[in-house]
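Colleague: Listed below, chain by chain, are the residues.
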Amino acid sequence: MSEVISIALLGQPNAGKSTLFNALTGLHQHVGNWPGKTVEQKEGHFTHDGKFYTVADLPGSYSLSANSDEEVITRNFIASGKADVVCILADSSQLQRSLFMTADYAGITVPCFLVLNMEDVARDQGKKIDASQIEKKLGVPVIFISATEKKDYNDFYEALERAVNEKTVLNASSLEKRLEKIAGFNEIKALIPDDMVPGYSPMWIASKALESDPVVIAEIRNKLPEDSVKKILEYKEAVQGAVETGSAKFDWIDEITEGSETKTKGGFKLSKLDRLYTHRIWGKPAVVLTILLGLLFSFVPAWPLMELGTLVGNIKAPVGSALLNIGCPEFIVMIVCNVVIQSFSFIFQMLGFVFGITLVFGLLEEAGVMARISYVFDNTMGKLGLQGKSVMPFLVSFGCTMGGAAGTRVIDNWGQKVLTIALAWAVPCGATWSVVPMLSTIFFGPGAVLVIVVILLTMILHMWLTAKVFGRGLVKQEDRYGMIMELPPYHKPKWGALFRYVFGRTKDTFFRVTKVVILVCFIFWLLSYNFTPGGTSILYKIGVAIEPVTKLFGLKWQLFMAFVASSIGKEGALGVISALFTGGDFSGAFFDAMSGGGAASNLSEILLANVSKPEALAFIFAITFNMPCIVALAATYQEVHSVKWTARIAVYYTVVALLLSALVYHIGMLIW
Amino acid sequence: MKLGEIGENKSAVVASLNGDSRFIGRITSIGLTPGCKLTVVKNDKNRPILVYSRDTMIALNRKECEGIEVTEAAK
Numbered sequence: 004m005s006e007v008i009s010i011a012l013l014g015q016p017n018a019g020k021s022t023l024f025n026a027l028t029g030l031h032q033h034v035g036n037w038p039g040k041t042v043e044q045k046e047g048h049f050t051h052d053g054k055f056y057t058v059a060d061l062p063g064s065y066s067l068s069a070n071s072d073e074e075v076i077t078r079n080f081i082a083s084g085k086a087d088v089v090c091i092l093a094d095s096s097q098l099q100r101s102l103f104m105t106a107d108y109a110g111i112t113v114p115c116f117l118v119l120n121m122e123d124v125a126r127d128q129g130k131k132i133d134a135s136q137i138e139k140k141l142g143v144p145v146i147f148i149s150a151t152e153k154k155d156y157n158d159f160y161e162a163l164e165r166a167v168n169e170k171t172v173l174n175a176s177s178l179e180k181r182l183e184k185i186a187g188f189n190e191i192k193a194l195i196p197d198d199m200v201p202g203y204s205p206m207w208i209a210s211k212a213l214e215s216d217p218v219v220i221a222e223i224r225n226k227l228p229e230d231s232v233k234k235i236l237e238y239k240e241a242v243q244g245a246v247e248t249g250s251a252k253f254d255w256i257d258e259i260t261e262g263s264e265t266k267t268k269g270g271f272k273l274s275k276l277d278r279l280y281t282h283r284i285w286g287k288p289a290v291v292l293t294i295l296l297g298l299l300f301s302f303v304p305a306w307p308l309m310e311l312g313t314l315v316g317n318i319k320a321p322v323g324s325a326l327l328n329i330g331c332p333e334f335i336v337m338i339v340c341n342v343v344i345q346s347f348s349f350i351f352q353m354l355g356f357v358f359g360i361t362l363v364f365g366l367l368e369e370a371g372v373m374a375r376i377s378y379v380f381d382n383t384m385g386k387l388g389l390q391g392k393s394v395m396p397f398l399v400s401f402g403c404t405m406g407g408a409a410g411t412r413v414i415d416n417w418g419q420k421v422l423t424i425a426l427a428w429a430v431p432c433g434a435t436w437s438v439v440p441m442l443s444t445i446f447f448g449p450g451a452v453l454v455i456v457v458i459l460l461t462m463i464l465h466m467w468l469t470a471k472v473f474g475r476g477l478v479k480q481e482d483r484y485g486m487i488m489e490l491p492p493y494h495k496p497k498w499g500a501l502f503r504y505v506f507g508r509t510k511d512t513f514f515r516v517t518k519v520v521i522l523v524c525f526i527f528w529l530l531s532y533n534f535t536p537g538g539t540s541i542l543y544k545i546g547v548a549i550e551p552v553t554k555l556f557g558l559k560w561q562l563f564m565a566f567v568a569s570s571i572g573k574e575g576a577l578g579v580i581s582a583l584f585t586g587g588d589f590s591g592a593f594f595d596a597m598s599g600g601g602a603a604s605n606l607s608e609i610l611l612a613n614v615s616k617p618e619a620l621a622f623i624f625a626i627t628f629n630m631p632c633i634v635a636l637a638a639t640y641q642e643v644h645s646v647k648w649t650a651r652i653a654v655y656y657t658v659v660a661l662l663l664s665a666l667v668y669h670i671g672m673l674i675w
Numbered sequence: 024m025k026l027g028e029i030g031e032n033k034s035a036v037v038a039s040l041n042g043d044s045r046f047i048g049r050i051t052s053i054g055l056t057p058g059c060k061l062t063v064v065k066n067d068k069n070r071p072i073l074v075y076s077r078d079t080m081i082a083l084n085r086k087e088c089e090g091i092e093v094t095e096a097a098k
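Keeping their order, the protein sequence lines are chains A and B. Read left to right, the first sequence gives residues 4 to 675 (the numbering used here). Read left to right, the second sequence gives residues 24 to 98 (the numbering used here).
Calculated from the structure, these hints are not laboratory results. As the structure is a computational prediction, the values presented were derived from the model and not from experiment. A few of these clues could be false.
[Said to hold, decoys possible] Each computed EDC-like pair below joins lysine to aspartate or glutamate, with the alpha-carbon atoms no more than 16 angstroms apart:
hint, chain 1, residue 1, chain 2, residue 2
1, A, Lys85, A, Asp123
2, A, Lys287, B, Glu92
3, A, Lys139, A, Glu6
4, A, Lys54, A, Glu6
5, A, Lys272, B, Asp43
6, B, Lys68, B, Glu31
7, A, Lys140, A, Glu46
8, A, Lys180, A, Glu164
9, A, Lys130, B, Asp67
10, B, Lys60, A, Asp197
11, A, Lys154, A, Asp123
12, A, Lys85, A, Glu6
13, A, Lys479, A, Glu152
14, B, Lys60, A, Asp254
15, A, Lys140, A, Asp254
16, A, Lys226, A, Asp197
17, A, Lys266, B, Asp43
18, A, Lys495, A, Glu161
19, A, Lys131, B, Asp67
20, A, Lys272, B, Glu31
21, B, Lys86, B, Asp43
22, A, Lys130, A, Glu264
23, A, Lys180, A, Glu264
24, A, Lys153, A, Asp123
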């Protein structure tokens, strides 16, 4: 493999970019962030015919204007010369509209080829496209394929090789003729030197200057003499440039596609499913139901891995006693059982969930359902600075926060993704629901219903407040525009590519998350282990020492320890309480509780004898709004790729949970 | 008239676009340029407007629609 060829994928949202990317690269992909930017970077590689190709999946946008970080990154990537060839994608079922990206690319001199994707959808709509005619006019390879059909990839590789070998540059001359009719275009173009920005022709720069493109204007100010700058700005101000160039580009598209497209069916009718989703009254319930069904179905593929996780947890005891029998020192046994085996038990259970959620919600995304969800909840979620899609992770989080975090994968804006996760943490998860109603009933009897209502109201307030706190840094004010997006036609997903993608993400998650979970488990173990026989653990010492402070929050040291334990897993909190109030072995109880068991059968008596009502209320709020669990933390890190933001969210939740407990404790003191 | 005033299942032609260059860029790149024909599919108060244009169903936030002037057209 002597040669490395770099391909960049460029296309509007829903043109099938990710399907193509996944089909090409399979498991060989890496997701991170563009350096210094809040935009996700997807890269992968593949080998074909002995040649090694790298693929960069450029962020999806509708044009190459510098209106967002996504578009600027795309443009800089092309200008950097990192791509040997750009593969432009268009949706054949919406040919003219979707070719806008190609029209916006015209004038860029980096070799390219055009993929008219979604041949299958176009065919269903009675449309046929003669790619060779378009190819003649554009001067670059053009193919009409379906990225979901394996057989079509021969055409793809052939077009790719042709574009690379012949260095085919898009012929923009007839677009240029149209642009020349716009007042000021020729004058501006004459002022732009040929090599102002490598890879971009003066025609392209002049057109963007007319559109008041901020980055191009800044570049012009930077590189051209002052009088040229002044003239260019005058010409640009005299016309509504973006409207003029937009019209010219669509006229050019009509010229390019004329005679190449045949339609046998006409007209448009809202499909039955869309009539339901867009219904004024039934739309929202239909979306919520879709998501809940999705959550339910995700348990089917998740189940085997989750079972494996439980099984791994179950070998802790036998492995522990076996190791002790062969004379292994106790603390090594503890590390093996309580850190390593326990971590893998958590991790496998989590992977099951990640696998199921990624599969089911990836499916909904591919099929086009997610765009409808966005549409229906656009107004509601827009108030929080989020996309309509964010409603999905919120609902999933009632089941499990890590599922919610994994589900944010369908949100294409990094800042909104992080904000969605930050808000989803406030949603009480399944584990909370297994602990809190019981605790509330023990202390408040039928009043438990009221406690739960207050918890739900607090959740809404918490989300609103968190959106305020984190929103400003994550979603810039100028990015908070209303929705302008297409609702793509429904189409069947490519199972092979989808599964490869899901396996890839699960594998990726496994490696990243293992580090976090083992590390955190180990730290907790260190803090809770009695290193000296008959002594006490560090955590115990700290807990007792700071009790005067935690009492302000309404938490006795035992309750505070249980609160700390609940950041690893909420189910464990009750086990820790029973152990501590009955004087049991702290470090043993801590870890037994983690694996789910451990709550004493006479829990309610123990609690009623030791904990007052205000303290109970404080504790209930503290664990409900605490960090969901260690695995949710790891899943958050996996999705946001940022230690800083993961830590910020975790610390924020711990602090807010304690403040809430202090608040309800003091309110409780007034009542009882 | 404004796009938001067009009733469901009525057709219209885009007359002009008004707004900052960012808005114009976004609206033209999704296919709505002057002279372009569209059909309003859904126009419910609390949802984005749904229009069908250039073979595409497009959802437009109500506030963003303020900048789109249209003239009603026969279907």
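Colleague: Next step is simple, just say for each hint if it's right about the structure.
Modeller: Hints and how they fare:
no., hint, verdict
1, A:Lys85 with A:Asp123, "violated, 32 angstroms"
2, A:Lys287 with B:Glu92, "violated, 30 angstroms"
3, A:Lys139 with A:Glu6, "violated, 29 angstroms"
4, A:Lys54 with A:Glu6, "holds, 6 angstroms"
5, A:Lys272 with B:Asp43, "violated, 33 angstroms"
6, B:Lys68 with B:Glu31, "holds, 12 angstroms"
7, A:Lys140 with A:Glu46, "violated, 31 angstroms"
8, A:Lys180 with A:Glu164, "violated, 30 angstroms"
9, A:Lys130 with B:Asp67, "violated, 31 angstroms"
10, B:Lys60 with A:Asp197, "violated, 38 angstroms"
11, A:Lys154 with A:Asp123, "holds, 13 angstroms"
12, A:Lys85 with A:Glu6, "holds, 14 angstroms"
13, A:Lys479 with A:Glu152, "violated, 40 angstroms"
14, B:Lys60 with A:Asp254, "holds, 14 angstroms"
15, A:Lys140 with A:Asp254, "holds, 14 angstroms"
16, A:Lys226 with A:Asp197, "holds, 12 angstroms"
17, A:Lys266 with B:Asp43, "violated, 36 angstroms"
18, A:Lys495 with A:Glu161, "violated, 26 angstroms"
19, A:Lys131 with B:Asp67, "violated, 35 angstroms"
20, A:Lys272 with B:Glu31, "holds, 13 angstroms"
21, B:Lys86 with B:Asp43, "holds, 13 angstroms"
22, A:Lys130 with A:Glu264, "holds, 7 angstroms"
23, A:Lys180 with A:Glu264, "violated, 23 angstroms"
24, A:Lys153 with A:Asp123, "holds, 13 angstroms"
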